Amino acid sequence: MLSELKQDAQLLIADDIPTIQSAFNNNLRFFVASRPENESFGKLGDEITDIDAIHDWPKDIHGFPLRLIALPDEALEIFEVHAPSAVLEPEVISAPSSDATDQNLIPQAPLSPPVSRFNQQGDQSRDFFVAGEGPLEETLACFQMLTKLMKLPFRRDAIERVLRDQVRRSQTPTLRLCGQIAASLGLHVAGAKVAASMGVRLQTPTLIPWGQSFAIAIRSDQRGLVLASPSQGFLEITPDQLESSFPEGIDLLLLDRTSTTPEETFGPSWFWPALNRYRGVLIQVLAASFVVQLFTLANPLLIQVIIDKVINQRSLDTLQVLGFALVAVTLLEGVLGSLKTYLFAETTNRIDQRLGAEVIDHLLRLPLGYFDRRPVGELGSRVSELEKIRNFLTGQALTTILDAAFSVIYIVVMVIYSWLLTLIALAVLPIQVALTLLGAPLFRRQYRKSAEANASTQSHLVEVLTGIQTVKSQNVEMISRWTWQERYGQYINRTFEKTITGTALTQTSQVLQKISQLLVLWVGASLVLSGDLTLGQLIAFRIISGYVTQPLLRLSSIWQTIQELRVSFERLADVIDTPQESDDQDKAKVPLPPIEGAVNFDNLTFGFSPGTPPVLSNVSLKIKQGTFVGIVGQSGSGKSTLMKLLPRLYKPSEGRILIDGYDIDKVELYSLRRQIGIVPQDPLLFSGSVSENIALTEPDSTSEQIVLAAQVACAHDFIMDLPAGYSTPVGERGASLSGGQRQRIAIARTLLANPKLLVMDEATSALDYETERKVCENLIQSLHDCTVFFITHRLTTVRRADLIVVMHQGAVVEQGTHDELMDQRGRYYALYRQQDSN
Numbered sequence: 001m002l003s004e005l006k007q008d009a010q011l012l013i014a015d016d017i018p019t020i021q022s023a024f025n026n027n028l029r030f031f032v033a034s035r036p037e038n039e040s041f042g043k044l045g046d047e048i049t050d051i052d053a054i055h056d057w058p059k060d061i062h063g064f065p066l067r068l069i070a071l072p073d074e075a076l077e078i079f080e081v082h083a084p085s086a087v088l089e090p091e092v093i094s095a096p097s098s099d100a101t102d103q104n105l106i107p108q109a110p111l112s113p114p115v116s117r118f119n120q121q122g123d124q125s126r127d128f129f130v131a132g133e134g135p136l137e138e139t140l141a142c143f144q145m146l147t148k149l150m151k152l153p154f155r156r157d158a159i160e161r162v163l164r165d166q167v168r169r170s171q172t173p174t175l176r177l178c179g180q181i182a183a184s185l186g187l188h189v190a191g192a193k194v195a196a197s198m199g200v201r202l203q204t205p206t207l208i209p210w211g212q213s214f215a216i217a218i219r220s221d222q223r224g225l226v227l228a229s230p231s232q233g234f235l236e237i238t239p240d241q242l243e244s245s246f247p248e249g250i251d252l253l254l255l256d257r258t259s260t261t262p263e264e265t266f267g268p269s270w271f272w273p274a275l276n277r278y279r280g281v282l283i284q285v286l287a288a289s290f291v292v293q294l295f296t297l298a299n300p301l302l303i304q305v306i307i308d309k310v311i312n313q314r315s316l317d318t319l320q321v322l323g324f325a326l327v328a329v330t331l332l333e334g335v336l337g338s339l340k341t342y343l344f345a346e347t348t349n350r351i352d353q354r355l356g357a358e359v360i361d362h363l364l365r366l367p368l369g370y371f372d373r374r375p376v377g378e379l380g381s382r383v384s385e386l387e388k389i390r391n392f393l394t395g396q397a398l399t400t401i402l403d404a405a406f407s408v409i410y411i412v413v414m415v416i417y418s419w420l421l422t423l424i425a426l427a428v429l430p431i432q433v434a435l436t437l438l439g440a441p442l443f444r445r446q447y448r449k450s451a452e453a454n455a456s457t458q459s460h461l462v463e464v465l466t467g468i469q470t471v472k473s474q475n476v477e478m479i480s481r482w483t484w485q486e487r488y489g490q491y492i493n494r495t496f497e498k499t500i501t502g503t504a505l506t507q508t509s510q511v512l513q514k515i516s517q518l519l520v521l522w523v524g525a526s527l528v529l530s531g532d533l534t535l536g537q538l539i540a541f542r543i544i545s546g547y548v549t550q551p552l553l554r555l556s557s558i559w560q561t562i563q564e565l566r567v568s569f570e571r572l573a574d575v576i577d578t579p580q581e582s583d584d585q586d587k588a589k590v591p592l593p594p595i596e597g598a599v600n601f602d603n604l605t606f607g608f609s610p611g612t613p614p615v616l617s618n619v620s621l622k623i624k625q626g627t628f629v630g631i632v633g634q635s636g637s638g639k640s641t642l643m644k645l646l647p648r649l650y651k652p653s654e655g656r657i658l659i660d661g662y663d664i665d666k667v668e669l670y671s672l673r674r675q676i677g678i679v680p681q682d683p684l685l686f687s688g689s690v691s692e693n694i695a696l697t698e699p700d701s702t703s704e705q706i707v708l709a710a711q712v713a714c715a716h717d718f719i720m721d722l723p724a725g726y727s728t729p730v731g732e733r734g735a736s737l738s739g740g741q742r743q744r745i746a747i748a749r750t751l752l753a754n755p756k757l758l759v760m761d762e763a764t765s766a767l768d769y770e771t772e773r774k775v776c777e778n779l780i781q782s783l784h785d786c787t788v789f790f791i792t793h794r795l796t797t798v799r800r801a802d803l804i805v806v807m808h809q810g811a812v813v814e815q816g817t818h819d820e821l822m823d824q825r826g827r828y829y830a831l832y833r834q835q836d837s838n
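Using my numbering, read the sequence shown as starting at 1 and increasing by one per residue.
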């Protein structure tokens, strides 16, 4: 019956809540348009009447959002005539014939795709195409094309890492994995399977399986489908070919931007505000360079006059004048060149400082999950790409602009001398350009591999140096050195390949230039002998042609640098284009008022990445203000992960956290974190004295306040035994202190900030039993009005806690006081007896 419905029907996605609410307000009726994975919810065609339960709607059988069809009452009148029923009966209709007159029908395949917000606008420009061979490279190329089409940041390294893991496991990337990657880019993803006949009505761009990999559908109309295949190029598939290529239907991913989809922000334009800030100085540099180039042009002209006029006419007086003129021009050229260099160096240093501060500020404000997936050494190598980009934009780029501008002037002067010699001098230019363009893709791939190998080498070195105590205590110096040598050897090999390619291009360019110079001298000498050119003109022409050919010689190296920069932009874009955890929308949220400490974990579910089992499942807890909560459980039960959700280090997949009735996801981030104190299991101390580390977050604290915090943390006694007491240097990362001493200083540092909500994440694991018990008792006595979450494996430590929460496999299995849990004789009872007997 759907073939008789009119254009006023709407096809909706179940998680597009604003559109559904709008349709509901317009009195539309909703019917299931895809098969739910939970048949008890309803079947295909059933009417949905409980719109309030929208958050509980299930997925469809492919794991994607349920699809609905919304119809007004007028459109349903046809059913009263044909077959009155409470449901819509789906009907598969074939592709419309070429002479079909009614184009307002709703196409309905066995599973129809959801509506896309990406509007197709005729044939797309094809400069977005990226080639690739093999399952991994082709899939990666598809995502690079998608990001270009939809103007998204392309995080090549992150996507490639996921694809490589998949290829290692099963050899072939799957459509579901591609959907997860697309969702991680910020796109709205809907999976569907449509009849082959419906391939002429797809929204684009769409990702579909093609051959052994994937392709991007960039146009879909009555003529068929246009695909961008990384291995085969652009393909036009007719409707008949669609039927034969996809006899069982087309599996596809429909991709759409949303209001939260990130924009492509990082590129050369990102540097423009910093360059524009110093545009006055840069204009002065360009002006000085212009004058220097004019003086440079004067040299060959004066030399020509000396040869043709002075030497031939033996005019000593004229020689003296021209000699002084040459000296003056050379001195002025040197002075202006030095001034230009000084202004340029000062300006680039300021730009460096400004850009470096912006990059580091952005890096430090990225979410914790970003750092979990990237080694420290790799991040360091990415940030270092900034200097390469800045050096080019403020150095070689300006030089290239000046060379290009003055090359035109030089060529005009050369033509005035001799059009034949000019033609010979410039004949190699097309060959050089062709060689450079042909070698660019190979050089860019080799440079990317070299950069990745260098990042891997630096990452391992940072790990070894950071964990040098473990390396020495475990006697693995030799293994660490072998691993470093292996990675460094790969880096050397990749760099050698890149160097060979670059050298071959440069040497070929130089050989062509030398051949051109020899031909200029050969033909020029003939012109001098025939009287068409003077000797002075030939020498002047030779000098001026060098001013043109030298930039051409640099063309190969500059183009190679541009290829390096493209990789540098990709690597640094992974940092800059990653959204900060507190964006403009978050900063506009209401600040969290001073908290009292009541916490409500409401049905929390959390997983570190899509498609992996959740670490926390349906966790619900209500904690009153001032409660001392002990959280216990076996390793991997989710204790630390639950506490990391509290300051929004991670965001839950489902559920919410309330503090004093405020949903923490709806308050400004840093107003939340300022009021929560967290002591991790392995705290970091910075180089400086003990008192400086304790007062790190409260630098204006008095000595009495620092000592009081140390006493509560049971740190005062051992600090006074140190050589200089509170002034004793702790060394890098607190190397001069034991693990237990570092933990107690970290506890004192957190207590000094006087938080209303304190999280102790196994912060006493390095302490002996007696010291840990004293710390726990001090916290209970001193923080009676503060809510404390105390994570520990020693159950006897939290016997006096107001509430003990027992976690197992990501869920809260028991909660109560010590006596209550012992009476229950459950998991806590078993763990306590086991520890007590030991």
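One thing to keep in mind: the hints can contain errors.
Listed below are the simulated SDA-like cross-link pairs for lysine to any residue, each with C-alpha atoms no more than 25 Å apart in a straight line [what the hints assert, rightly or not]:
no., residue 1, residue 2
1, K449, S516
2, K774, R799
3, K388, G337
Taking CB as the label site, the calculated pair distances span [said to hold, decoys possible]:
no., residue 1, residue 2, range
4, L429, K309, 31 to 37 Å
5, E668, G134, 45 to 51 Å
6, F686, V383, 37 to 43 Å
The hints are simulated quantities; they were obtained by calculation from the structure and are not laboratory data. Since the structure is predicted, the reported quantities are computational estimates derived from the model, not experimental observations. Note that beta-carbon positions come from the ideal geometry of N, C-alpha and C, so glycine has one too.
Going through the earlier hints one by one, which of them does the structure break, listed in rising order? 1, 6
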